[in-house]
Amino acid sequence: MTIHVFKGFSHVLLEVTFALIPLIIFFLIFQFFFLKLDKKKLINIGKGLVLSFFGLAFFLQGVHVGFFPVGEMIGEKLGSLSYRWILIPIGFIFGFVATFAEPAVRILNHEVEKVSGGSISQKMMLYTLSIGVAVSIAVSMLRILLGIPLWYFVIPGYLIALVLMFFSSRRFTAIAFDSGGVATGPMTVTFILAIAVGVASVMEGRDPLIDGFGMIALVALSPIISVLTLGLLFEGKGREQSNEHRKQGA
Numbered sequence: 001m002t003i004h005v006f007k008g009f010s011h012v013l014l015e016v017t018f019a020l021i022p023l024i025i026f027f028l029i030f031q032f033f034f035l036k037l038d039k040k041k042l043i044n045i046g047k048g049l050v051l052s053f054f055g056l057a058f059f060l061q062g063v064h065v066g067f068f069p070v071g072e073m074i075g076e077k078l079g080s081l082s083y084r085w086i087l088i089p090i091g092f093i094f095g096f097v098a099t100f101a102e103p104a105v106r107i108l109n110h111e112v113e114k115v116s117g118g119s120i121s122q123k124m125m126l127y128t129l130s131i132g133v134a135v136s137i138a139v140s141m142l143r144i145l146l147g148i149p150l151w152y153f154v155i156p157g158y159l160i161a162l163v164l165m166f167f168s169s170r171r172f173t174a175i176a177f178d179s180g181g182v183a184t185g186p187m188t189v190t191f192i193l194a195i196a197v198g199v200a201s202v203m204e205g206r207d208p209l210i211d212g213f214g215m216i217a218l219v220a221l222s223p224i225i226s227v228l229t230l231g232l233l234f235e236g237k238g239r240e241q242s243n244e245h246r247k248q249g250a
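Heads up, the sequence shown is in full-length UniProt numbering, so the first residue is 1 and it goes up one at a time.
In case anyone wonders, no lab produced these hints; they're calculated from the structure. It is possible that part of the hints are untrue.
[Claimed, not checked] Only pairs whose alpha carbons sit at most 30 angstroms apart, straight line, appear in this in silico DSS-like list of lysine-lysine:
{"no.": "1", "residue 1": "K77", "residue 2": "K7"}
{"no.": "2", "residue 1": "K114", "residue 2": "K41"}
{"no.": "3", "residue 1": "K47", "residue 2": "K36"}
{"no.": "4", "residue 1": "K47", "residue 2": "K7"}
{"no.": "5", "residue 1": "K40", "residue 2": "K114"}
{"no.": "6", "residue 1": "K36", "residue 2": "K114"}
{"no.": "7", "residue 1": "K47", "residue 2": "K114"}
{"no.": "8", "residue 1": "K114", "residue 2": "K39"}
All chains should be built: construct the whole structure from the sequences, respecting the hints.
Structure follows, in structure tokens:
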């Protein structure tokens, strides 16, 4: 069993090594010419790099032997059900949970709260992104069920995002477009995408390459719209508060 779990692990270690080497080289250049950190900080950074190396390696190995096979099996079982409408609420739940557990999303939320001085809380951002991705997964399942072309959702979605940009503040626009990239993290891509491909592979008249893929495009789009909408709500609340202050001052 152990041999099966770690099959191909040497190749994963090599991939992670090549991914981290450029970052380490850049850090060493900056350390030598600009940063000049003391020995204690360098040791701590070195420990962090070692932990990151093995963390990435074990995660990727887990994806190959766990997330992908399980996701595809779940998708195949769900796609073979007679009451396939249940894929929509299940997709919503999977999308919400996957985003809620996404490490990159939590890092983004932490940075947003810190930079905004607490005015945009981590909890608010987390629920906004989770609900946005959950809706996009539910829509993706609906698209697979009905065989609707992807561009029916992508083009109107980005048009809505562009319109919302003109009414939202610049800080929420910047956060929104970064949120779209962050939401398409390893949890969503490895697990939810595998489920979508599994569903499309067992449904009659559906092509896994056409109907199973394209979901990540919707996942990247939905947080943009949800965060821009949050920005509009923030601005509306700010206007109400300013109007109340003016009335009180008068």
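A quick look at each hint next to the structure:
Distance hint between K77 and K7 is fulfilled; the C-alpha atoms sit about 26 angstroms from each other, no more than 30 angstroms. For the proposed pair K114 and K41, the alpha carbon gap of about 23 angstroms is at most 30 angstroms, so the pair holds. The suggested pairing of K47 with K36 holds, with an alpha-carbon distance near 18 angstroms, which does not exceed 30 angstroms. Of the pairs offered as hints, the one joining K47 and K7 holds, with about 26 angstroms between alpha carbons and a cut-off of 30 angstroms not exceeded.
For the hint pairing K40 with K114, the CA-to-CA distance comes to about 26 angstroms; that is within 30 angstroms, so the pair holds. Using a Cα cut-off of 30 angstroms, the hinted pair K36 and K114 holds, with the two alpha carbons roughly 26 angstroms apart. This hinted pair checks out: K47 and K114 have alpha carbons roughly 25 angstroms apart, not beyond 30 angstroms. Distance hint between K114 and K39 is fulfilled; the C-alpha atoms sit about 28 angstroms from each other, no more than 30 angstroms.
Checked against the numbered hints given earlier, this structure breaks none of them.
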